[in-house]
Structure formats: structure tokens, C-alpha cells
Amino acid sequence: MSDIFKGIEPLIYESKINVPYSWWAGDTASKFFINLRDEKKIIAPRCGSCGKVFLPPRKVCPACFTENTEWVSVSDEGTLVSYSVARRKLASIPADKKLPVVWGLVKLDGADTAILHFLDDVDPGDVKIGMRVKAVFAEQRTGGIRDISHFKPVR
Amino acid sequence: MAKRVAIVGTGQTFHKSHRPDVNGQEIINEAVQRALADADLKIKDIDAIVIGNMDHFEGINYVDCWSVDGSGGVMKPVIKITTGGTTGASLAIGGNHMVGSGMFEKVLVIGWEKNSESDTTGAITTAFDPIWDRQVFAGAISGLAAEAQGYMARYGASDRDGARVSVRDRKHAMNNPHAQLRKEVTLEEVLASPMLADPIHLLDVCPRTDGACAVIMASEDVAEKICPKPDWIWKTAARHSYAYLGDADYGRLVSMERCAKEIFQKVGIKEPRKEIDVIEMYQPYSFAGLIWIEDMGIVGPGEAPGYIWDGNTDMGGELPVNPSGGVISCNPIGATGLIRCAEAAMQVMGKAEGRQVPDVNFAVSTGFGGCWWTDMLLHGKKKPN
Ligand SMILES: [Zn+2]
Chain A
1 MSDIFKGIEP LIYESKINVP YSWWAGDTAS KFFINLRDEK KIIAPRCGSC GKVFLPPRKV
61 CPACFTENTE WVSVSDEGTL VSYSVARRKL ASIPADKKLP VVWGLVKLDG ADTAILHFLD
121 DVDPGDVKIG MRVKAVFAEQ RTGGIRDISH FKPVR
Chain B
1001 MAKRVAIVGT GQTFHKSHRP DVNGQEIINE AVQRALADAD LKIKDIDAIV IGNMDHFEGI
1061 NYVDCWSVDG SGGVMKPVIK ITTGGTTGAS LAIGGNHMVG SGMFEKVLVI GWEKNSESDT
1121 TGAITTAFDP IWDRQVFAGA ISGLAAEAQG YMARYGASDR DGARVSVRDR KHAMNNPHAQ
1181 LRKEVTLEEV LASPMLADPI HLLDVCPRTD GACAVIMASE DVAEKICPKP DWIWKTAARH
1241 SYAYLGDADY GRLVSMERCA KEIFQKVGIK EPRKEIDVIE MYQPYSFAGL IWIEDMGIVG
1301 PGEAPGYIWD GNTDMGGELP VNPSGGVISC NPIGATGLIR CAEAAMQVMG KAEGRQVPDV
1361 NFAVSTGFGG CWWTDMLLHG KKKPN
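Chains as they are written, first to last, in the working numbering: chain A, 1 to 155; chain B, 1001 to 1385.
It is possible that some hints are incorrect.
Within a straight-line C-alpha distance of at most 25 angstroms, the following computed SDA-like cross-link-like pairs (lysine to any residue) qualify [to be verified]:
| id | chain 1 | residue 1 | chain 2 | residue 2 |
| --- | --- | --- | --- | --- |
| 1 | A | Lys128 | B | Arg1160 |
| 2 | A | Lys134 | B | Pro1207 |
| 3 | A | Lys128 | B | Lys1270 |
| 4 | A | Lys6 | B | Pro1207 |
| 5 | A | Lys6 | B | Met1174 |
| 6 | A | Lys98 | B | Met1195 |
| 7 | A | Lys152 | B | Ala1153 |
| 8 | A | Lys89 | B | Glu1105 |
| 9 | B | Lys1016 | A | Arg141 |
| 10 | A | Lys41 | B | Arg1134 |
| 11 | A | Lys59 | B | Pro1130 |
| 12 | A | Lys16 | B | Thr1125 |
| 13 | A | Lys152 | A | Arg141 |
| 14 | A | Lys98 | B | Thr1125 |
| 15 | A | Lys97 | B | Thr1121 |
Read the hints as simulated data drawn from the structure, not as lab findings.
Chain A with its partners taken away, still in its complex shape (with noise of 0.2 angstroms):
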């Protein structure tokens, strides 16, 4: 295999393209942001036409193809879709997480569709899918997701 490689001295160019960039997140997540970081309150938008309730929020319901303009509130207690245990630390994972990183698909009560986020305060080995956890608000907050700490399981 190693034979195509013979006789090569390859010379390699290391580069690094600085490109940053700076994403806005639109009026209808910044009013889900603006009362998770004020109020600590998750709310989501309703479709008109099917009724579904969108986690994260969407301005306009894939399916119906209209716009969403009602907003209920949602429970800050779900249900875990799925799950991984993520064990190698790589550098998309955020850099104040420990390994090994637990990773889940939230279901929130009132919500049809389910959120990225964190579990912790629990054992990997307990993790179960179907499992009832709930959202630890962080202290400080500043207007992203990362405005819930993490979930962690309801006992």
C-alpha cells in the first residue's frame, strides 16, 4: 500500500483561514431567547393550520408552509428521545464540557418536536430513553441556548 509513496518527500502548505462570522438569529428566536434569559420561560410558536409546537422555533411550519404568529408556553420538564455518550473529546464539543459528554434529544411537555442539548448531573450508565429530565437554567445568561445549563433527570 505504502509502495505509491516511495521516493516522495511531500511537501505540505499548513494553513489557517480566519473566518468569522456573525449570525442573527431573527425575530421569532430572539423572542424565544429574550424570555429564556429574562423570565427563564420556554415558550414556542404554534402552527395555525396542524397545531404543532415547534422546539426551537420556526417562523413558518414546514409542512403547512404558513406562518406562525401564536405562542404557548411550554413545560421546562420532557421527555429523552434519544441519546448518545459522546467519549472523545473533539472540538465541536464546547470547551467547559467533561468527558464523557451526554448528548440528548429532549421531547418538552407541550412541544412536538425535540431540542438538542446536554444531560448531566446523572451517570451514563443510567441514561435511558423515555426518561423524564428537566431544564437546569443557568446562572448567568446572555440569549442562547446555551441560557439552559443543561437537563438532568426528574426524581
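Guided by the hints, dock chain B with the ligand onto chain A, whose structure is given.
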């Protein structure tokens, strides 16, 4: 106006973990030259080129222009298609549309990747929503792991069932000189390999690969003149869903089910398990080999482990899956879906050499990616009606 379309030639590199001996244009050229030689055509015979790779993987985003030295695209119409993991299969479907439209007679389709040149996880992360999913992300493998967890919880499957699929594909790769990883493993070795994201072990997942693939498609007006026994593209389907990771049905691949239903119904395939002779599936990890053949309708929900343990998908079985060794043995991402298409075409054309399945009438190739997307092609020996 609409023309029937056939694959008349294919070419691949000998895929490796890294290719310091060639740059991107040069690796593309290797595959293109082999496809032209296979079809006995010259670059001047090609009317248009469709090319693609993963965004961000090499940090070169105008590949359609930059690659012309290698692709042969100088002063030809060149279009780039990139759809994440499905890129290679989307390229094949795009080429099929271009020839099928009657606007181009002979189209060269190219998928490639030099995965060794970038931070793969970093590049894949750019495919996810920056405000919602990226802030709480745990890597691409964790998404697949959540699918496997969902399936195991629903049907009582185990990590041994997943490992059996990995053992199969890695054994098949022994027959394919183009595969990157050619080493048989045992069930115990898969289960003892490091846990990456529960329940996925290191030997359950695909590697990172440098490689390229090229496929030449021709209209029915010239296909049989170029190649006496071409591979006819009977039908293609694509289903892209998902905006956020929480949207998917964890444990079922709905996009696969919809693609399979569309194709099999339109073509009149009632018993895919009996009527299809070989599948080349874009299966980036072992558990997908269980879940997705159920979604394809080969066996019923929860039946895949038994079907696979009985050897039905091994070489010599009822319906061999991944004679090439599949994606677990080799994954130059932007080429991967097109390699599935090329391998299926080679099976139909009787050119698959040591990995040939006897008497292939129908073959299926798929692409997977984005998040929970499916592309699918049905290949056949007979000219479609
Ligand atoms: Zn709706």
C-alpha cells in the same frame, strides 16, 4: 425529448488514508482517465461535466473552476453539485437529469475528496444550525449513535448485531483492490475496539479517505455504441428533510423509506428482496446496515438482525450488500455516493471482477448525508420500457 440514460464507463482511484503524492486536481484526473479508458472515449467526446465534493473539506469552494486541469473541463460546461454526504449520489442524479433532458449526450460525473487535508469534524459541524445545534453539539458520530440507540430501544437489537455488519463489510473489502481498509476483523475485535459514542465502537464506523470516482453517462442514442452492455439507470429518487437535529425519527430513516417506495412502485418491483440482486448502500456505520434495509423494504421492522446473521447479505447470500466493502472500508466523502453508483453499475455490467455477484439484473445504490437525507438509484441490465 426525455432520453433513457445509461452508464457506459466508470473509474476510481486506489483510495488511501492520505495521498501526499498528488494534489486535488491530480487525484480527480486519475479517476477521469480511468473512466475514459473504461468507456474507450476521449475527453473531446464529453459534452458536459458535473463535479462535486464536500463544502469546507479542502477549503476550496469553487472546485468546478479550480479543477478543470484534472477534470478536463477546459472550455466545457461544468456544474458543481454539493449536498453533504449525499453529494456523490446527487452528482449521479444530476448527471442523469442532464442526459435524460436530451440537452447533453455524454456527461462526465466526478466526485472527489482529499479528506486528509482538513479537520473533518470541524467541516461537518458547519453543516449544522449555528444558533441551535452547534452550541450543544457532540460531533457527527453522536447523531448516528442516537439513531442506533433509538433502534435498539425499539426492537431489542444489540451491539453484536451492529458488529456483525461491520465484520461483513470488512470481509467484502478483501475482494476490492480500490478499498482503503482491507483487513478482516472478528466480532470480538469490533466489540473490543474503543467506544466513540455509545453504542458505536471505532470498528463500527467509516475511516477518512482520499479518493475520487468518475462515471460517464450517455443517452440511449449512443450508449450501446459506446458500451454493448451498459448499466441502464431505471429510476432515481431523492428525499431531503431536517432543519434541526431534533426533527428526525430516531431509529427509522424516513427519507430511505420514501425513496424506496417511490422507485419500487413506479418500476413495479413488488418483492425487492427477491427482485434486487445486489445493494451498494451508503452506510457510514454498522447499525445503518440493520436499520436502513428495513426502511428500504428488504425486510420488516426489527427483522434485519436475523436476516443478516443468517448470511443473506453476505457474498453468495440471497441479496449481497456492499460487495465493495462499503463506506466502512473507504469514505472519500464527496466521492462516496458516486462510488456506490459506480460499483452498482459495475455489477450490472459484469465488470466487478473479484467482487462480482453473479447474474445481476437489478442493483440499488444509495447516498446518505446532510442529516437523515437519502438519494437512491435503481440500476438495471435491461433497457427501461
Ligand atoms: Zn402546520
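To see whether the hints hold, each was checked on the structure:
no., hint, result
1, Lys128(A) - Arg1160(B), "holds, 19 angstroms"
2, Lys134(A) - Pro1207(B), "violated, 37 angstroms"
3, Lys128(A) - Lys1270(B), "violated, 38 angstroms"
4, Lys6(A) - Pro1207(B), "holds, 23 angstroms"
5, Lys6(A) - Met1174(B), "holds, 24 angstroms"
6, Lys98(A) - Met1195(B), "holds, 16 angstroms"
7, Lys152(A) - Ala1153(B), "holds, 20 angstroms"
8, Lys89(A) - Glu1105(B), "violated, 50 angstroms"
9, Lys1016(B) - Arg141(A), "violated, 47 angstroms"
10, Lys41(A) - Arg1134(B), "holds, 22 angstroms"
11, Lys59(A) - Pro1130(B), "holds, 17 angstroms"
12, Lys16(A) - Thr1125(B), "holds, 17 angstroms"
13, Lys152(A) - Arg141(A), "holds, 18 angstroms"
14, Lys98(A) - Thr1125(B), "holds, 19 angstroms"
15, Lys97(A) - Thr1121(B), "holds, 17 angstroms"
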